[in-house]
Structure formats: C-alpha cells, structure tokens
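Given chain A, work out where chain B should sit, using these hints.
Spelled out, the chains give:
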Amino acid sequence: MTRIKPAYYYPILILSANIGLLLPPLRFPAAVFLICFLPGYFLVERTSLWKDPLFAAIGSVGLSFLLAPFITLPGCILFQKVNSLILTLSLDLYLIGMLFLLKGRERNPYGEDHHSPFLFPLLLLVCGWVFVYMDFTKLGPYSEDWTYLFGVVKELSRNMPPRDPEASFLLLKYPWVSYFFFALIHRLGGVSAWKVLEFMPTLLSFIFLGVVYMILFQATKNRMAGLWAILFLAVGRETEWIFRGFLGLGWSPGYHLDPGWAELLTFTGYSLLWGWYLLPSMIPPLMAWFFLVRYEQESQKKDYWFSLGICAASCFFHPAYYLGFLIGFSCWLVFQWLTKKFDLWLLLFYFSFIPYYVTFFLYFQPGIPSDPFFQFFATKKDFLDAIWEFLRYNAIVIPFFLWALFVSREVRLWLLPFAGPFVFFSVFGRSKINHLSHFIFPCLVYLSLVSAVGLTTLKRIPLFFRVLVYFLTVVVITVPFYSHVSHRLSIGWEGALDMEQRAAGEYIRLYSDKNSTFVILPDSRYSAVCVEGLGERKIVFGWFFHLSRYETVDFLYKKVYEVVDFFVSGHSPFRYAFLKKNKADYIFLGPDEIAYMKQHDVDVSKFVGAYRTVFKSPRIEIVKVDRGEL
Amino acid sequence: MMKIRLPKKKRLWIVLAITVPVICWSISEILPLIASALNRQGYQVVRREPSGLSGILTIRKKEALERKTVKDIRFPLTRTSDPRFDHDRFTLKLYGLLDVERAGFYWVGSESDDGSWIRLKGDKILDNGGLHSRETKMNLIHMDKGLQSIELRYENQMGEAYLDLFWVTPEGTRSPLPLLPNPWGRVSAGLLWTAFLFFKIAQYWVFFTLPLLLYPILFPVNKPNSNGSAA
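Those protein sequence lines, which keep their order, are chains A and B.
Anchor point for the first sequence: position 295 equals 295 in the working numbering, and the numbering is continuous, going up by one each time.
Anchor point for the second sequence: position 54 equals 1054 in the working numbering, and the numbering is continuous, going up by one each time.
Rather than coming from a laboratory, the hints here were simulated on the basis of the structure.
Bear in mind that the values here come from a model prediction, so they are computed numbers and not experimental data.
Treat the hints loosely; a few may be bogus.
What the hints assert, rightly or not - In silico EDC-like links for lysine to aspartate or glutamate, alpha-carbon gap of 20 Å or less:
1) A:Lys624 to B:Glu1171
2) A:Lys138 to B:Asp1127
3) A:Lys138 to B:Asp1123
4) B:Lys1124 to A:Asp498
5) B:Lys1137 to B:Asp1123
6) A:Lys624 to A:Asp565
7) B:Lys1124 to A:Glu506
8) A:Lys5 to A:Glu106
Unchecked claim - Examples of chain A residues lying across from chain B (beta carbon under 8 Å, computed):
9) Pro25
10) Pro109
11) Tyr507
12) Ser617
Ideal Cβ positions, reconstructed from N, Cα and C, are used throughout, including at glycine.
Bound-form chain A, shown alone (with noise of 0.2 Å):
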C-alpha cells in the first residue's frame, strides 16, 4: 500500500498542479486542475462538507467555480491586467493559507455513500457526450449572444477592470464573473478562448447535474429520482411529436417549427450542449438552494452561511436568475409561516440578503430596462397559446408534476415553493425578464426535479405498467432528441464556420496586431465570428439588445446609425472622424457588410479604393486604416 501524509499529501497536490502548468501538453489540464478543483477541494476538505465522495467531487467543482474569480480578482485588479504570473500566485497564496487551516488535521473521511451507483456512470456518460459532440462539431461559442459575450472573455482575459469590453465604447457592466472563470481557463490553460468555450459545457453540465441530484436526493433521500431529473434535463423534454401523431399530421419525431437556438437552449438538451452560456447563471442559486435544504433539515450552521456566501457571491452572476431565486425564497418564508415555523436564521438571511442584493443591483446596473417587469396575458388567445406552447415541450413530464405534488410531502415542502411560482409565471404571462433563457430554462429546471420525483413515486401502480410508464417516458423524449441530433450532425451544422472564416480568422491572428480594432455592421455574427472568435481581436460593435440594460436605447441607437452610417456614407470626413473617434484599424467587410452597402446603393470598389486591401477572398475584403492620414 501506498501511503501519502496529509502534510505532503496537499503541498503535492499544489505542486503537481503548478509544475503541469509549465509542461505544454499538461498545461490545459493542470490550469483546470488548479482553477476548476483545488480551491473547492481545499474548502471541502477543511470544513467537511460532505460525506459521500461523489457529492464531494461535484461540490469541490462547483465552489471552485464560484471562488477562483474571487480569489484572483484582487491581483489583477491591483495589477491592473491578467496574465499567467497573477492567476498563479492568487491562487497558490490561497491554496498555502489553506494548507495552515489543514494543519494537523486528518483527512476528510468520505464513509457515506448516498448516490445511486448509476449516478457516475451516468454523468460520466453525459458529460462524454457533451464533450465528445463539441469536439466533433467544433461549434465553441457559436450562437447568437456569443459575439457579445466572446467580446468579454477576451476583454476579461486581458485586463482588469476591464477597458474595452465588447463594444470598444461602452464600459463593461455586465455581470460577468462567470465569464472571468473561463478567461481565467483562456488565459492559464494556453488554450484559445474559442477552445475554452468548448470545453466547458462538460465541466459546468456536470456541476449542473450533480448539483441538481444532490438537491434531489437532500430533499426526498430518493436516489433515484436524481437520475431521472438528468434525463429531463440532458435530453429535453419534447413531446410535440406525439401530439402531432394523434392529430394526423404524421409521427415524424423532428422539432417542426424549427427552433431557434434560445428555444433550443431552453426545452432540450442543448442547454448542457451551450452550457456555457445558460449553466453559469443557473448553478449559484442551485448551490445555494442546495444548502439552504440541508441547513433545514440538518440545522448545521455552515450550510447557512456557505449558502448565504453564495448568495453574496450571485450578484457577480446573472442577475435575472437571481431574481428567480429570490421569489421561490419569499414563497418558501410564506409556505413555512403559513405552517407557523419560523426560523429566526432564516429571516435573517431573507432581510440581510435583500437590501445587499437590490443595492448592488442598482449600484451596477443604472439603466433599469423600462420595458415592464412582467405582464399578464390579456386574451384568452395568448393564454391559450402560452399553455399549448408550454404543453408542446412538457407534456411527459407534466402528469408525474401533478402526481408529485399529490403524494410528496417532501415535494410540497422543498420544490414548490421554487418551481409553482415559476410555471405560474411562464404560463400566465410574458415580459422581457420572462425571456426564454433567463426564465423559462430555471422554470424548467425546477419541472424536471418537481416530475422526476413524481416517476419515482408510482409505488401504487403494478410493477409492469410501472415499467411501461418508464419506458414510453424515455422513448417519448429520447426519439426526438436522436432525430434532431443526427439531422444537425448528418449536415455537418453547415453555416457555422466556412473555410473562407478560417482563413480571414487565420490571416487577422497572423498578420494583425494584438490590440487592433475592427469596424464590423452591427449584428453581423458572420463578420464577428472571423474578427473576435477566430482573429481574437476587438470590435467597434453598434448594437447588442443585451447593452439596453446598461445604457439607454437612443444612446445605442445613436451608435448604430453611426457605425451604419460609416458603411453608407459617401462624406470622407465623416469616414475619418469615425475611424479616429473609434481608433478602428482595419474595416471588414463580410457578405453582410457589402450586401447592406450594395442594398444602400454604395459603390463597394470606390468605397475600397480609399484604403489598403490587405486580405480578400470572394465574400471577405479586410482594408487597413492609414491612422497616419486620420
């Protein structure tokens, strides 16, 4: 037997990680290593979080995720940039404090086993797949939010506070911790940000995941029913298919209204495909759900308090999930004075956390869309709509929703509270914070642990109708999922990337300087991709409707018809003062670029003519910006 001391046992783990960094190919996994495990696993260790060692795994994980932006964040600040040196040094200073609140400690002993022995296998299986499917497809970031958000993984991997976020005009103040999490991948793993992008749907799916069974099983001690909350929530939940086959119109299994990529997100199993987008936001309240629930049923003070940090933590994350978890929080209070408990800690956090949050809140965020918060269907016709829209993704689940709530005591007490206000919400009305991603994804989070835990409750059915209901369960969802799978993979996710992006990309990293800036039309994702995903550079960018929460729409307006105006306006001197106001250094023009100026009658070649081709390709022209003539 091999036997490591714990005083050498957690000085190796540190070394071994930083001596991966300086080895190229263990750089990536060593930076993950160091970023994405040890701060948690430190954390976990000396405060013996959990017991069972799995949980303990997808715990160390998940509090990493919330602490290494944290740690590292005064160094760069202080040094007011992000390079390999400060992120190293961050967060080995941590990990050696940690080292002294280990000393003479034994080590965590990890004795109870309360997951299902399916449980790794499956997230093992899962998280493959995810891994597998995006190193296949090499899709990355591509969606139409990443060009926004690329902009500020970039930005977060160069300098802090950050200078020129995604827009090159607006300051960056966006929650964007999450984001800093993968810049900090980008810039100590060696790896493109593009590369990072892939890569951590797997990581965030499996904190998801694990996150979710844990919640499950915490609030019902079913291990099962964690399992089937992964197959919701890893395969989707369509059941469309099935109307459509009792109404006539044919069993072909296929989505049919072609969704977009926020609709897929949001109802399918894409969302752990993207998770790094949606995931991020989702798992700081989950984790703080999490030990909220064991807090009340074990009464152990340090899951109050590690989930009121996290709490803390969430204002650095997206906000509208927040908001989300803030509601169900209240109905919980309100649930639990209606049975007269009262919990005096409870309390405590709700009135704590609630002026810290809103303060925060309003601190950074000036510009409170003024669009309404919510609103109600007026007519019967979009209630109708909403219901059949809500049914078209949901219905499998929906009967063991109801059924759960019948007959789990454990389901009315934990789960309610959470997922009643958010299916209420998505069903009787819309608004902007109602948006698919911000509102309807937690609230189909909450459905699928709500109804896993009704199909592990048909105790009173007979064992062979049980297992029927089981079965169509799975072929209901998991057809429609193979089917719209293979077809995106069978045509290759044609229009993701072209060859003529690659090489535009290719030529703007080779040839272009690091701090260069590109005029591109606004919303151009095409231009975009080549300029800020595969050039790594930055953008001059008019418009993103996510920025109408941070400065006023005529402001970005005024930017768009400024950016628009540059690329259809004949007046030369308006030209210059554009390209010097915005320090531009080259212009591209994609198909959309000239296609818009074709449209606006301007002669592409004239407007070519007045600067230096320096790339061209059938549908991509880069000009270079003589700044000496500006």
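Okay, now just chain B, sitting in the frame of chain A:
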C-alpha cells in the same frame, strides 16, 4: 492517522492512466516530425532523379476493383489525354509535395469532373466533391515556407473525366499547382493520420481516465467503525 491508500491491484491501471496519454501525446508530436523528414528525403530523391507524379488508380468495374500504380501523371487529366484513365468509374489517389518559397495566403483550387478533394499536411483544404460536370473550386489558405505535403483524391463516377489543379500565389499569379512527386507521400500521410489518431487517444484518455484515476485518491472512502470513528 488516516493515510491515503492506493490499492495494489490498481497500480497497473494508474501507471497506464498516466503513461498512455504521455506516450500517445509524444507520438502525436514525433510522427509529424518524421513525416516532415520523410518529405524532405523524398524531395532530395526527386531532385537527384527527377520523375513524374505517380498515384494509385482504382478502376471500378462491374465485377471487381482493379488497383494499380500509374506513373508520370500530367495535368489537366482527361480520358482522352491519358488512355490509362479512359474508364467510366475510377478513383485516383495521389501524394505530392509543394515547395513553398514564401509564407503567405495562397489560393489552392481544382477544376474537376466529378469530385476532387485536397488535403494539406493532413487537413482538408478543398472539397470539390460530388457528381458534377467540370466545376472549379478554390480556397484561401495560409502556407508556411518550406515543403508541404499534399494529398489529392479524385473520382470519376460517369462520363467525361477532367482534373486540373492550380494555385494563386500571394503576388496574385495563377499557375498550375507545381506538384512534385513524393516517393514517401503515402507513408508520410499515414504518419500524419496516425499522429492525429494518437492525439485524440491522448485527449480522450485524459478526459475519461484521469477523473477515474484521481477520484479514489482525492476522495478515499473510509467506512466508519461501529463506534463511529473513521477507519
């Protein structure tokens, strides 16, 4: 005092878990270097004893496949220009070398009837595939200075056959692709493919086995004794 225990039976597994990715990654780094050396060697051979391009021609007949090596292939290739290719259905695989004098962006293209595909150093850079009449396709790619290995696949599925290759240099000059024969081309392509395979094995091995290996070390299970203390 509690100790970390690495079970004896798992030692072989642990050794494998560590050595397999290291060896696979090393092979994936070394094989391209060997391929590059072979390409240089092939280039020297061709310079000493100039010869024409050669490739593997597979003729698809009704009864069976006929495979043979054809030498001195010239472009443009048609059924009439070279009687060896006067078949309705055939495929040609050819390995060559490009001596790139200046690093930069080059257009590499093919005009073919029916499909043609080009790989540069193992990466697909042109897909002019499908059943079609004479069709030109080209792509812009960045090439480093020096010898580059090129792999061409061409197929004729019916009727006329035509294949021509060209490039446009950074100076803007379009000319036939100056392919040199590569006596070691097949081996070199095989090495590159193997290197890619080994890299993927290392990558997937790390992803799937490292967590499995680390899990029992980082979270050793110690069942409590009957008196409640950890073993």
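**Request:** Quickly compare the C-alpha distance for A:Lys624 and B:Glu1171 to 20 Å and report which way the hint goes.
**Result:** holds (18 Å)
**Item:** Given hint B:Asp1123 paired with A:Lys138 - CA-CA distance at most 20 Å
**Value:** holds (15 Å)
**Message:** Under 8 Å is the threshold here; is the Cβ of A:Ser617 close enough to any Cβ of chain B for the hint to stand?
**Reply:** holds (5 Å)
**Asked** With 8 Å as the cut and Cβ atoms as the points, is A:Tyr507 at the interface with chain B?
**Response** holds (6 Å)
**Holds or violated: A:Lys5 to A:Glu106, with C-alpha atoms at most 20 Å apart** = holds (9 Å)
**Distance restraint between A:Lys624 and A:Asp565, which requires alpha-carbon spacing of 20 Å or less** = holds (19 Å)
**Prompt:** Was the hint right that A:Pro25 lines chain B, CB cutoff 8 Å?
**Reply:** At about 5 Å, which falls below the 8 Å cut-off, the nearest Cβ of chain B leaves the hint on A:Pro25 intact, so it holds.
**Asked** Between B:Lys1124 and A:Asp498, is the straight-line Cα distance small enough, at 20 Å or below?
**Response** holds (12 Å)
**Prompt:** Are the Cα atoms of B:Lys1124 and A:Glu506 separated by 20 Å or less?
**Reply:** With Cα atoms ~16 Å apart, B:Lys1124 and A:Glu506 stay inside 20 Å; holds.
**Item:** Proposed interface contact between A:Pro109 and chain B, which counts if any beta carbon pair is under 8 Å
**Value:** A:Pro109 check passes; min Cβ-Cβ to chain B is 3 Å, inside 8 Å.
**Asked** Do the alpha carbons of A:Lys138 and B:Asp1127 lie within 20 Å of each other, as the hint requires?
**Response** With Cα atoms ~18 Å apart, A:Lys138 and B:Asp1127 stay inside 20 Å; holds.
**Request:** Verify the proposed pairing of B:Lys1137 with B:Asp1123, using a straight-line Cα cut of 20 Å.
**Result:** holds (17 Å)
In terms of the numbered hints stated before, the structure departs from none.
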